[in-house]
Amino acid sequence: MTWSALYAQLGGVNKHSTSLGKIWLSVLFIFRITILVLAAESVWGDEQSDFTCNTQQPGCKNLIFVSTPALLVAMHVAYRNRGDKRTMLRSNGGEKTTDLELEGLKRRRLPITGSLWWTYTCSLFFRLIFEGGFMYALYYLYGGFRMPRLVKCEQWPCPNKVDCFISRPTEKTVFTIFMVSSSTICMVLNVAELAYLVAKALLRCSNRAARRKMPYVHHDGGAARDLALMENKKNDLMMSPCMDSGNKTA
Amino acid sequence: MPSWGALLAQLSGVNRYSTSLGKVWLSVLFIFRVMVLIVAAESVWGDEQTDFTCNTLQVSPSPTPGCENVCYDHFFPVSHIRLWCLQLVFVSTPTLLVAMHVAYRNHGDKKRLLQASERAGLFGTRGSEAEEAELENLKRRRLQLTGALWWTYACSLVVRLLFEAGFMYVLYALYRGFQMPRLVQCVEWPCPNVVDCFVSRPTEKTVFTVFMASASSVCMLLNVAELAYLVVKAVTRKS
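As they're listed, the protein sequences go chains Y and B. Using the working numbering, read the first sequence as starting at 1 and increasing by one per residue. Using the working numbering, read the second sequence as starting at 1 and increasing by one per residue.
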């Protein structure tokens, strides 16, 4: 898993996100991916080698062992960020049809309207579903967010009941709770961003409806009015018979 | 370690908008804490569980597997290394708040600049080269720490101090000081009665713990000094 490649991809999408989206991305990278790479991988690194069972029976230990939550988190991040990649491609594709320069295209921050709005909203929705889904899967698989010190196992080939001891359970509990809290914060940010986008779209629709009733009122503010006035002045100058066209005929 | 590099890149970007004390703090953070953590501390703590040995045969003739796991977990709930990693990540985070604020301000200034050039461009008075130069100046200039940015910066310093102090306290409370004992006596089940357990490399760990605690204190002092400097500057500006 090349985290730097993932970071590069998402950095591109970041430009076209809302402010909440940018905060979400920062929380994701700093508190979840960085902590995962730096700390959690070393805490879970020896989980099978130091998983000790009170038995001499071979094979017993391996059967009890199940896959790591760390992998779940990694998969989770990869799935969710596919939505972001789609948003980025969509926004770049949409702009090719207009007559903006490529340099201006790179510098400008695209307004989230039209089909881009739908893609962005869908990606937020998928993010929420995946976040919730993985949190539930983790809770269900491990019967809560606590890592027990001892597990009692009755599976074949273990003889009767066997006591098995998990490596570093307290440290794992601390990190699990930390990752779950960061996940919750991310979900809250996603919900807030979704609410913001919906509110903005509703506002835009109501403005458009109001404008249709009064077609001659500019609601953009002074800048648009100034531009319109200057355009008119320029047109007047061009139409004026006193202006030197520059084509001197002998 | 790709993540430390990304964090460093982010923080270096912010460096431009810091005060001189802020730059010193960043250097101390990276040289004496992050580098030491990556290069040295991780190899010292690498074998902390594998070489944590409990003398169960001394107490009972039959081996008791699981005793070491349980004793290690009891005496080391969260490893020093992980606490330091968390501390460094949390302490670096407020700086990113400042970076976001600066980016927000720059975005506003850029928008105003583009609007102004659009208006002037209708008369053909400004070329695209002048606009390019203005944008470059905007990127390169060092923002004045005034107004809302001053508050963001001051808040980030206070939050940093709280995190530093918090983590130092947690480390001190969890391990009852900064010294690593050679021997711990364990009475947890399934260990039979009281068992002697030996910690791997205790002296080396003590040296590193004291070193990291000192570096942390130096960082805290720098933060306090920077906060005082900001407050004095704001007061003298108003008067």
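It should be emphasised that the hints constitute simulated quantities derived from the structure, not laboratory data. In this text, all values refer to a predicted model and were calculated from it rather than measured experimentally. Keep in mind that a hint or two might mislead.
List of simulated lysine-lysine pairs, BS3-like, C-alpha gap at most 27 Å [as the list claims (entries may be wrong)]:
| no. | chain 1 | residue 1 | chain 2 | residue 2 |
| --- | --- | --- | --- | --- |
| 1 | Y | K22 | B | K238 |
| 2 | Y | K22 | B | K233 |
| 3 | B | K110 | Y | K200 |
| 4 | Y | K22 | B | K111 |
| 5 | B | K111 | Y | K200 |
Outcome of the hint check:
no.	hint	result
1	Y:K22 <-> B:K238	violated (35 Å)
2	Y:K22 <-> B:K233	violated (32 Å)
3	B:K110 <-> Y:K200	holds (23 Å)
4	Y:K22 <-> B:K111	holds (19 Å)
5	B:K111 <-> Y:K200	holds (21 Å)
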